[in-house]
Amino acid sequence: MHILATEGLTKRFPTVTAVDQLTVTVGPGVTGLVGANGAGKSTLIKMLLGLLPPTAGAARVLDMDATTRGAEIRRLVGYMPEHDCLPPDVSATELVVHLARISGLPRTAARERAADVLRHVGLAEERYRAIGGYSTGMKQRVKLAQALVHDPKLVFLDEPTNGLDPRGRDEMLTLIRRIGTEFGISVLVTSHLLGELERVCDHVIVIDAGRLLRSSAIGEFTQVTRTVTVEVDEGTDALAQRLAATGQRVTPHGRMLLVEVQGPGTYDAIRDAAADLDLALIRLEQGRHRIEDVFREEAASV
Amino acid sequence: MSEIYDIGYRHYDGPRLGAGHAARALTVHSLRGVFGLGRTARSKIMPFALGVVMLLPAVVSIALMALAKQRGIPYSGFAVMMQAVVAIFLASQAPTVVAPDLRHRVLPLYLSRPITVGQYVTAKVCAMTAAVFLIIAVPLVLMFVGELLVDLDEPLPTKEFAGSLVMALVLSLLLSAFGLAIASFTPRRGLGVASVIAVYLLTWAAVPILYATFQSTGDESGAAWAWLLNPFWLVDSVQSWLFGTPPHSIEGEYPSGPASALILVVLIAAALAALALRYRKAAAR
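Each protein sequence line maps, in turn, to chains Z and S. According to UniProt numbering, the residues represented by the first sequence are 1 to 302, in order. According to UniProt numbering, the residues represented by the second sequence are 1 to 285, in order.
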């Protein structure tokens with residue numbers, strides 16, 4: 001089942017093509033949309049919300065056409081914009097209750113949902129104070145709360161970790177993971193930082209200059225490579241020589257050695273070599289691709 | 001001993017109402033905002049102080065009716081007489097309706113919901129119109145209730161009262177459409193206040209100058225048109241045509257009624273069109 005699907009989706013502005021022939025499908029769970037600033041992420045979200053008509057192609061969200069059934073889509077979808085969007089003179093509670101009603105919730109339901117959702121994003125007593133006095137982290141939580149208040153089927157989170165300190169970033173990412181799993185709401189989250197999406201996404205879509213670079217499950221991005229990283233306390237050179245002598249292919253990588261895995265025998269060879277040389281083996285780790293590496297490779301090959 | 005249970009995330013399976021409900025909620029929210037309800041105490045001072053100032057003449061008028069057995073202010077002339085206060089109310093409160101959403105870019109939070117730009121603008125205009133109408137109509141109703149209780153010997157001017165209410169609504173729409181349009185082009189609130197009051201002062205000051213100029217050249221009929229430059233006298237001239245009330249201009253008659261009505265309709269349409277264009281641009285951002 002697809003949460004959203006685009007087919008040759010294109011948006012041209014007078015001076016720039018923001019989204020170019022994008023064909024992609026997104027399933028349930030947490031999906032990362034990765035691209036540098038100006039890659040077309042925000043334009044794509046606006047088209048998916050039915051707020052911006054595409055120049056060409058089509059988009060379906062929750063099995064509804066974005067150009068013709070935008071209002072219906074917007075009733076079941078939440079949106080957290082990238083930029084500041086909060087009025088300073090009202091409290092978080094008042095704003096979120098009000099926006100819940102704009103989403104179509106009756107008054108009492110809006111109040112209950114707002115209280116629930118503000119608790120889930122971690123705003124306690126401060127939710128009764130005017131938003132003008134909030135920290136960036138608290139403002140991001142309010143922005144997230146308003147996107148969730150009407151219990152959407154899908155939320156678009158545009159750069160939710162923007163401007164947060166490392167701890168705030170961690171908390172936001174944990175929250176996003178919970179939204180996708182515990183809350184059962186599908187998430188499309190954009191970021192220009194690839195590493196942070198690795199932790200929370202099931203699937204990652206990489207776009208650059210409005211074009212699709214890659215779309216695949218997170219496992220494929222971080223798949224196991226055929227190398228093993230070896231780190232010893234000292235005697236790295238001796239170990240490298242001994243391993244090379246037994247027919248292993250070794251490349252030094254700083255203080256560590258990358259050994260190509262030819263079979264189960266490779267592990268035995270490393271163990272035996274370390275034992276024979278009486279070395280203190282600190283680390284033996286399977287090499288993994290990180291999203292950054294993939295992005296770099298993809299970008300280089302295009 | 002009490003324990004707090006984390007009941008986890010609860011889904012919402014109640015009704016999801018349409019855009020009409022959303023537009024009504026926005027209207028009420030904006031109307032509350034005009035009077036500072038649900039905001040800080042400081043934002044209540046201005047609207048309520050002006051509301052009290054508007055009530056004073058009504059109270060004096062009732063006292064006059066009770067003690068001297070004669071009418072104070074005619075219903076039809078109330079808005080024109082109190083125009084400075086109404087204009088200050090419009091200038092101080094119109095920016096609070098539109099400016100924060102534009103300046104702090106709250107608009108995307110609305111537009112990513114079922115409500116459309118058109119419904120958003122309509123709700124804002126309705127809210128401001130209702131606010132200005134309340135400011136003018138509450139004293140009028142108070143005066144009328146006072147007259148009912150005092151029971152003057154003269155017949156009740158029910159038609160004039162009803163007419164004044166209708167024209168108060170028309171005036172509120174005209175003022176709100178213009179006030180919001182001007183305020184929406186100046187998203188900084190202080191600037192919005194200043195520009196609305198500047199436009200009003202211009203229409204207010206230009207009238208006597210033009211009137212005197214035309215009169216000195218002996219063009220009496222041309223001079224009469226000068227009154228229509230000011231929104232309050234423009235609406236009064238339509239009232240005078242529709243309900244046969246005496247003109248409340250400072251001196252002289254109004255030109256033809258139908259022409260005034262036409263100008264009124266064109267002005268309201270122009271202001272609404274300007275608002276629509278402004279928001280179409282804001283929504284595209």
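Just so you know, the hints here were simulated from the structure itself, not pulled from any lab data. Even for Gly, the Cβ is constructed at its ideal location relative to N, Cα and C. A couple of the hints might just be wrong.
If the Cβ cut is set under 10 Å, some of the chain S residues that face chain Z in the computed set are [said to hold, decoys possible]: (1) 9; (2) 39; (3) 103; (4) 283; (5) 284.
Regarding the hint that residue 283 (chain S) lies at the interface with chain Z, is the smallest CB-CB distance below 10 Å? 8 Å, holds
May I ask you to test the interface hint for residue 284 (chain S) with respect to chain Z, counting a Cβ-Cβ separation under 10 Å as satisfied? Since chain Z brings a Cβ to about 8 Å from residue 284 (chain S), closer than 10 Å, the hint holds.
Is the interface hint for residue 103 (chain S) satisfied, with its Cβ closer than 10 Å to some Cβ of chain Z? 9 Å, holds
When the nearest CB of chain Z is found for residue 9 (chain S), is that gap smaller than 10 Å? With a minimum Cβ separation of about 4 Å from chain Z (threshold 10 Å), the hint on residue 9 (chain S) holds.
Evaluation of the interface hint that places residue 39 (chain S) against chain Z, nearest CB under 10 Å: Since chain Z brings a Cβ to about 6 Å from residue 39 (chain S), closer than 10 Å, the hint holds.
When the structure is compared with the earlier hints, no violation turns up for any of them.
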